[in-house]
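Participant: Spelled out, the chains give:
Number of protein chains: 2
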Amino acid sequence: MKISVLRIGHRLVRDDRVTTHSALVSRAFGAERIYMTGIDESVSKTVAGVAKRWGGEFEVQIIQDWKGLARTWKKEGGKVAHLTMYGINIDDAVQKMRMEDRILVMIGAEKVPREAYDIADYNIAVGNQPHSEIAALAIFLDRMFKGKQLKKELAGRRLRIIPAERGKQVRETR
Amino acid sequence: MKISVLRIGHRLVRDDRVTTHSALVSRAFGAERIYMTGIDESVSKTVAGVAKRWGGEFEVQIIQDWKGLARTWKKEGGKVAHLTMYGINIDDAVQKMRMEDRILVMIGAEKVPREAYDIADYNIAVGNQPHSEIAALAIFLDRMFKGKQLKKELAGRRLRIIPAERGKQVRETR
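Residue numbers (the numbering used here), protein chains in the order written: chain A, 1 to 174; chain B, 1 to 174.
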């Protein structure tokens, strides 16, 4: 099962940090790539810098037309999951979703257009309370991958953390 | 087991949305309150508005001196957990932490002072990769409460979501 993330509805400057967090969570929790619309370049730079130091092959792709992307995704046999507090509880849907081959998981900013609900094969709630698309994405990926990503080692990393009870222990691996 | 959250290192304006997300995640994932330093008033207003509509008794407290708060917490028998990518993997510590009575979980912005590591009884990593304090907090609370908060009903709510495969179904309960 492979998962990509689609971030829609980014508002310039105001959402930069939230979008950066979304991208870093996508990477750290095992997604292959994130598609984003209309972001500041600093977001992709930050993520590229992290990937260089900490390994893995995560991709950031800037796109113009998220609906076109989602439609193509479906046409090629992939499924689309949209995270929304109005959807079906993730714990009631995760087993079925794990059997899918390729999932595009959509997260929005505050206002998400109606089309997002319609285009989705799964509208998934990470709890039915308002909170954060970053948190929702993290829990979604954690459930889909059964928590295994938290101990995964990424190839090609320059830096590696040695878990410590206090302070910071980092090893440079080349 | 009761959990409160302490958000440190908020930088004015720049971090407002990330702090708001942290507060909403604390509430939605079962913490009792969040302590925050030096935030914009809009953050507490947003959270108060959410609690009014969606129920529960979550508290936001603005504090000046986070070290004083953490020390008092410990003096009164509570434990302090600090979320950091350099710490012990959460899955190796969660069982022990679940036996604690009261936990104060600290999350920082980009730069966290050395004292945070020293004052903590537990330095906990939600994976040893850089990502997001919002995601780390969500996973921490989810692990601590064994995912049960995602279906919890909160008392005193005005609005209630009926989980739906498509679109939005909200019921007003009074």
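Hints may contain errors.
Straight-line C-alpha distance at most 27 Å; calculated DSS-like pairs for lysine-lysine [as the list claims (entries may be wrong)]: (1) A/K79 with A/K168; (2) B/K79 with A/K111; (3) B/K152 with B/K79; (4) A/K111 with B/K152; (5) A/K151 with A/K75; (6) A/K96 with A/K146; (7) B/K45 with B/K75; (8) B/K168 with A/K52; (9) B/K79 with A/K96; (10) B/K79 with A/K151; (11) A/K152 with B/K168; (12) B/K79 with A/K79.
These are computed hints drawn from the structure, not numbers from a lab.
Participant: If you test the structure against every hint from before, which numbers come out violated?
Facilitator: 1, 2, 5, 7, 8, 9, 11 and 12
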